[in-house]
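Same order as they appear, the protein sequences are chains A and B.
Residue numbers for the first sequence, in this note's numbering: 1 to 398.
Residue numbers for the second sequence, in this note's numbering: 399 to 796.
Treat the hints as calculated values from the structure; they're not laboratory data.
Since the model is a prediction, treat every value here as computed from it, not as a measurement.
Just to be clear, a hint being listed does not mean it is correct.
In silico DMTMM-like cross-links for lysine to aspartate or glutamate, where the CA-CA straight-line distance does not exceed 25 Å [said to hold, decoys possible]:
| hint | chain 1 | residue 1 | chain 2 | residue 2 |
| --- | --- | --- | --- | --- |
| 1 | A | Lys272 | B | Glu450 |
| 2 | B | Lys670 | A | Asp55 |
| 3 | A | Lys272 | B | Asp453 |
| 4 | A | Lys272 | A | Asp256 |
2 protein chains.
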Amino acid sequence: MYDLLTGLSVIEASSFVASPTAGLYCAQMGAEVIRVDQIGGGPDFRRWPVTESNDSLYWENLNRAKKSVALDLGRPEGRELLQALVRATGQFITNFPVGGFLSHEVLAAGCADLITVRVMGWADGSPALDYTVNNSVGYPMLTGTGPAPVNHVLPAWDLLSGAYAAFALLAAIQRRTATGVGGEVRVPLSDVAIGTVANLGGIAEALYSGANRPRLGNAVYGLFGRDFVTADGQRTMIVVVTPRQWANLVLALGLDDAIAAIEAARGVSFAKDDGLRFTHRDALYPLFEAAIADRSHADLAAVFDAGGIVHSPYRTMLDAVQDPALVAGNPIFGQADNPSGFAYPAAGAFATLPQDARQPPRPAPRNGAHSEEILADRLSLPSGEIARLIDAGIVGVA
Amino acid sequence: MYDLLTGLSVIEASSFVASPTAGLYCAQMGAEVIRVDQIGGGPDFRRWPVTESNDSLYWENLNRAKKSVALDLGRPEGRELLQALVRATGQFITNFPVGGFLSHEVLAAGCADLITVRVMGWADGSPALDYTVNNSVGYPMLTGTGPAPVNHVLPAWDLLSGAYAAFALLAAIQRRTATGVGGEVRVPLSDVAIGTVANLGGIAEALYSGANRPRLGNAVYGLFGRDFVTADGQRTMIVVVTPRQWANLVLALGLDDAIAAIEAARGVSFAKDDGLRFTHRDALYPLFEAAIADRSHADLAAVFDAGGIVHSPYRTMLDAVQDPALVAGNPIFGQADNPSGFAYPAAGAFATLPQDARQPPRPAPRNGAHSEEILADRLSLPSGEIARLIDAGIVGVA
Chain A
1 MYDLLTGLSV
11 IEASSFVASP
21 TAGLYCAQMG
31 AEVIRVDQIG
41 GGPDFRRWPV
51 TESNDSLYWE
61 NLNRAKKSVA
71 LDLGRPEGRE
81 LLQALVRATG
91 QFITNFPVGG
101 FLSHEVLAAG
111 CADLITVRVM
121 GWADGSPALD
131 YTVNNSVGYP
141 MLTGTGPAPV
151 NHVLPAWDLL
161 SGAYAAFALL
171 AAIQRRTATG
181 VGGEVRVPLS
191 DVAIGTVANL
201 GGIAEALYSG
211 ANRPRLGNAV
221 YGLFGRDFVT
231 ADGQRTMIVV
241 VTPRQWANLV
251 LALGLDDAIA
261 AIEAARGVSF
271 AKDDGLRFTH
281 RDALYPLFEA
291 AIADRSHADL
301 AAVFDAGGIV
311 HSPYRTMLDA
321 VQDPALVAGN
331 PIFGQADNPS
341 GFAYPAAGAF
351 ATLPQDARQP
361 PRPAPRNGAH
371 SEEILADRLS
381 LPSGEIARLI
391 DAGIVGVA
Chain B
399 MYDLLTGLSV
409 IEASSFVASP
419 TAGLYCAQMG
429 AEVIRVDQIG
439 GGPDFRRWPV
449 TESNDSLYWE
459 NLNRAKKSVA
469 LDLGRPEGRE
479 LLQALVRATG
489 QFITNFPVGG
499 FLSHEVLAAG
509 CADLITVRVM
519 GWADGSPALD
529 YTVNNSVGYP
539 MLTGTGPAPV
549 NHVLPAWDLL
559 SGAYAAFALL
569 AAIQRRTATG
579 VGGEVRVPLS
589 DVAIGTVANL
599 GGIAEALYSG
609 ANRPRLGNAV
619 YGLFGRDFVT
629 ADGQRTMIVV
639 VTPRQWANLV
649 LALGLDDAIA
659 AIEAARGVSF
669 AKDDGLRFTH
679 RDALYPLFEA
689 AIADRSHADL
699 AAVFDAGGIV
709 HSPYRTMLDA
719 VQDPALVAGN
729 PIFGQADNPS
739 GFAYPAAGAF
749 ATLPQDARQP
759 PRPAPRNGAH
769 SEEILADRLS
779 LPSGEIARLI
789 DAGIVGVA
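Starting from the given sequences, assemble the full structure and let the hints guide the process.
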């Protein structure tokens, strides 16, 4: 937790991954992010992984440091309260549909400079999710050794869309501060995905070559990088991106003469050219395979670290989680009183501001924990009216 | 291109994916982003994919709409010019090391409220890349069907770190506007990766269960979703995240009675519970496999679309790029005069602001194309002095 966004308040009506992470990143930087959910929780409130008492470890991590207002969004009075909260706040993050009671036009009718950031599936409003958008742009057909497609397990498009939505919210606020103009910003997963293919050169490459990139398993396209196995059976990734790393890797493995022989035979120099190291991988990789298979991982790791060579053994997520350098001793983590009752390292902001004190992470709210506070503060509802709404089942409290 | 960030100027000294995308997202929203590179190009200036004339299709897409100043950063005078540009501008995005001539302390000595956003590998400053960070947190051991680990091809950690860095830059500017205080914001890939594992519930899950999640191939954890093959051999992804989608999927495939029989036999109801649909996948998936294998993809797609069911056939990137709905007819794309000379659809901002006119995408700059303009405007260097610097090889021009 940092205080970069102190003073900013955002209403969030969202579910799944992308839209909640946009709110999470803002909350971890000090914004007041108020989730408004169906009483009892929205569609992802019980999403796996869950504890034995069916508390979602997923939900309670994606919604840290937020407040919760619970409303019956199936009834007009609940919907109107959400609309009123959006208008009274002026900033709104959502993945609700473009049309309907949370359309920007409807909301802006009572708040002319409202900023709505809306995460969508397809840009035309039809439904899509990370997994289906990923198929649509072709990555599963490039992943793994084939022939079957391999989906990524990391919901990368959701995550990128969420971070981009948080960026777009602040960009829109910056313009409003300068000009007074708000508006809607739509972030479709499909455009994040195909736009990313474009940004990485993928559209240009496919149209230039008229073909698909070869499927490379764990090798990296266009440079020297793939997995190797050490004498003691440790599979490890090695990637070279600078001349110094290449020189040090060749030196560390005693391959100077062998590399020089390939360079002489093929009339090339690998010293400064990622592309040549990739083009001639048929000759290079077997040399490195043999040299690495000859030495232990501990031995190689020490030499690689000394040479600034980028490498990393494969390990399981459980091993990663139990690595003190990565989690227990990492200052981005702290303790928080989670709704599930289970205690574990809780993440704060990804970023570190070395000159600022980091405040500990905060827990996700219980459904409706801040209903009374927010309805009183934001909408100036008297306590008797709030009590009536609770009795009528329009407002839920924790 | 949109104008949300008009008036913001940023110096970028960066390479590879993460740091350049942070600048790209800002430039596509209207900021003036000035890349400062080594004369002739930095370490990624020729990165693959490249054209036959060795122009990088990767570089020219990651650096659209930016300006370019070329300096000899190997000499003190070139380094001092970059430092002066950063101080004169006040905002800096980089992946240069924490120490050295671009350390925040050195730069802020001449610009007390400077904001530096620094993308890093490991948080302690040691080198890491997307591929090695990914190994370190365990995703390759969860991807594919096993037993071998599978790296993602999409540089997801780079991309997420870049978008988060752009968000963090605007957040830091927001605080500086309010308080006058700048500072350094460090975004290590390693903390983005392990922080994301935490945000998705992965740390909690691993510590709660004491085990790794099962490896599921193309099936999605914790809900109903995986790949199926139609009668005409089309592999397609289907994912269910709402009760309505479930009801419509069961109806579309005529599985009502068969599902009811499983529910009766096992004493559960699948209507509203993602987790139960996952737990009982041993019974459910074979039913759906058979029903889907019985019908053509076209037939199923029509019924699925009508029912709001989220599905997507697998296809190659070349097929995706040639889909008019995704690229040629998609308003996020336009034409730009690329340095490579090759013409193809160029991407603008991922986001769409429906109330604003979208300006066409702009090309990446040629190395040094804006050296004279920026040195004159930003540092008030007289033309004679700029000519001397060019003659001395300290400044490069396109």
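With the threshold set at 25 Å, check whether the alpha-carbon distance from Lys670 of chain B to Asp55 of chain A stays at or below it. Judged against 25 Å, a Cα distance of about 16 Å means the pair holds.
Holds or violated: Lys272 of chain A to Asp256 of chain A, with C-alpha atoms at most 25 Å apart: Given pair Lys272 of chain A, Asp256 of chain A holds - Cα atoms ~15 Å apart, limit 25 Å.
For the pair supplied as a hint, Lys272 of chain A and Glu450 of chain B, is the alpha-carbon distance within the 25 Å limit? Roughly 18 Å between the alpha carbons, so the hint for Lys272 of chain A and Glu450 of chain B holds.
Lys272 of chain A and Asp453 of chain B were given as a pair; does the straight-line alpha-carbon distance stay at or below 25 Å? holds, 16 Å
In this structure, every one of the numbered hints holds.
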